[in-house]
Amino acid sequence: MGAVGVAAPPVERPDFEIVPRVGLILAGFAMVILVVAIAVNKLWPLEFLHVAGGAAWTIIDLFLGLVLGPIIGKMSIPARIEFTTKLMPKMVVIMPVVVTLTLAAGWQLATALGTNLTFHPDHGWVVASMIVVGVMAVIALGLLEPANIAVLIELKKPRPNPEVIEKLMKRFVYAAGVLGVMQIATLVIMTKLGSA
Amino acid sequence: MTERKLPPVTQMGMGSLALIVIGGIYLSAHLPRHVPLAPAVILLALSALLVAWNLFSLTRVPDFPWSRFFAVAKWSLLAYSVISALILYAFLQDHLSGGPLVVLTLSLVIFAVNVPILIGFTVARYYDPADEQVNIVRG
Numbered sequence: 001m002g003a004v005g006v007a008a009p010p011v012e013r014p015d016f017e018i019v020p021r022v023g024l025i026l027a028g029f030a031m032v033i034l035v036v037a038i039a040v041n042k043l044w045p046l047e048f049l050h051v052a053g054g055a056a057w058t059i060i061d062l063f064l065g066l067v068l069g070p071i072i073g074k075m076s077i078p079a080r081i082e083f084t085t086k087l088m089p090k091m092v093v094i095m096p097v098v099v100t101l102t103l104a105a106g107w108q109l110a111t112a113l114g115t116n117l118t119f120h121p122d123h124g125w126v127v128a129s130m131i132v133v134g135v136m137a138v139i140a141l142g143l144l145e146p147a148n149i150a151v152l153i154e155l156k157k158p159r160p161n162p163e164v165i166e167k168l169m170k171r172f173v174y175a176a177g178v179l180g181v182m183q184i185a186t187l188v189i190m191t192k193l194g195s196a
Numbered sequence: 197m198t199e200r201k202l203p204p205v206t207q208m209g210m211g212s213l214a215l216i217v218i219g220g221i222y223l224s225a226h227l228p229r230h231v232p233l234a235p236a237v238i239l240l241a242l243s244a245l246l247v248a249w250n251l252f253s254l255t256r257v258p259d260f261p262w263s264r265f266f267a268v269a270k271w272s273l274l275a276y277s278v279i280s281a282l283i284l285y286a287f288l289q290d291h292l293s294g295g296p297l298v299v300l301t302l303s304l305v306i307f308a309v310n311v312p313i314l315i316g317f318t319v320a321r322y323y324d325p326a327d328e329q330v331n332i333v334r335g
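Note that the protein sequences, when read in sequence, are chains R and V. The first sequence begins at 1 in the numbering used here and counts up by one. The second sequence begins at 197 in the numbering used here and counts up by one.
Honestly, the hints are just simulated from the structure, not real lab data. Incorrect hints may have been included.
Okay, derived cross-link-like pairs now, DSSO-like style, lysine-lysine, Cα gap no bigger than 27 Å in a straight line [stated by the list, open to error]:
| id | chain 1 | residue 1 | chain 2 | residue 2 |
| --- | --- | --- | --- | --- |
| 1 | R | 170 | V | 201 |
| 2 | R | 42 | V | 270 |
| 3 | R | 74 | V | 270 |
| 4 | V | 270 | R | 86 |
| 5 | R | 74 | V | 201 |
| 6 | R | 86 | R | 170 |
| 7 | V | 270 | R | 90 |
| 8 | R | 157 | V | 201 |
| 9 | R | 167 | R | 157 |
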């Protein structure tokens with residue numbers, strides 16, 4: 001315990017990359033695989049990318065929104081800053097890649113299976129999944145992603161403003177929570193389609 | 197924390213995104229039947245208007261930190277252009293053509309411009325001139 005009247009030591013802020021270069025290389029690799037899978041247009045690679053990407057997307061959203069989010073909210077400021085500087089740069093790369101893989105491969109898969117055609121009996125479920133994904137995209141791209149980038153840039157400053165970080169983190173955690181809950185709807189729709 | 201009064205860029209940007217998404221779902225949900233394009237074109241035009249309004253309203257903000265805005269927005273534009281190109285590539289592989297292809301391509305252009313504006317704005321609104329240059333991508 002520090003003596004009364006003595007200023008607290010400055011918060012230690014680990015050095016970090018806002019966008020990890022290694023992550024960009026891996027993201028580029030994933031995009032090449034996606035282009036090849038769409039060009040080849042075979043069922044297995046499309047199903048693999050859609051299921052693997054979708055599983056990663058759903059699990060990350062559920063875990064971040066419903067498990068990690070509340071934990072981050074209860075962390076001490078230094079712990080929260082250290083955790084944020086380690087987690088968020090990875091999220092900047094992982095989420096757009098996972099979402100692009102899932103959606104592009106998913107659309108191509110729906111075309112191959114015919115489920116995106118109006119006369120298919122499961123067409124209604126596919127449209128429902130588009131609506132859920134659409135709402136999630138607006139929240140993720142309008143609130144979550146900008147907050148993610150902005151908090152990292154704030155943390156890079158020589159004197160980060162704790163109030164700004166707090167405000168942006170709150171926005172990030174609430175948006176992640178809403179997305180986590182919406183992913184339950186995605187699970188219902190996708191399992192319904194899978195069992196049809 | 198003192199915040200200056202700024203236009204509702206985030207709300208307008210999310211509205212623009214929502215219009216694009218509704219238009220995209222409307223078109224996709226009608227395949228392979230003939231799609232009446234008028235509703236999708238109206239949604240696209242409204243979405244483009246909101247993006248234009250966002251940019252215009254930012255030009256009216258005194259001393260808006262455009263350098264910080266563009267430092268972030270240019271990288272976001274690159275990333276979201278790649279994502280848009282991949283989605284467009286999937287549509288082209290499915291032999292989409294004619295009016296629906298034009299509307300979807302323009303929607304993807306609006307999407308690729310809109311998201312960088314939202315990210316650039318969120319970063320720039322907390323800019324403090326006393327801050328040092330922050331590199332977005334560094335080794």
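Quick rundown of the hints versus the structure:
no.: 1; hint: R/170 <-> V/201; in the structure: 21 Å, holds
no.: 2; hint: R/42 <-> V/270; in the structure: 35 Å, violated
no.: 3; hint: R/74 <-> V/270; in the structure: 35 Å, violated
no.: 4; hint: V/270 <-> R/86; in the structure: 24 Å, holds
no.: 5; hint: R/74 <-> V/201; in the structure: 31 Å, violated
no.: 6; hint: R/86 <-> R/170; in the structure: 17 Å, holds
no.: 7; hint: V/270 <-> R/90; in the structure: 20 Å, holds
no.: 8; hint: R/157 <-> V/201; in the structure: 23 Å, holds
no.: 9; hint: R/167 <-> R/157; in the structure: 16 Å, holds
Violated hints, listed in ascending order, are 2, 3, 5; each of the other numbered hints is respected by the structure.
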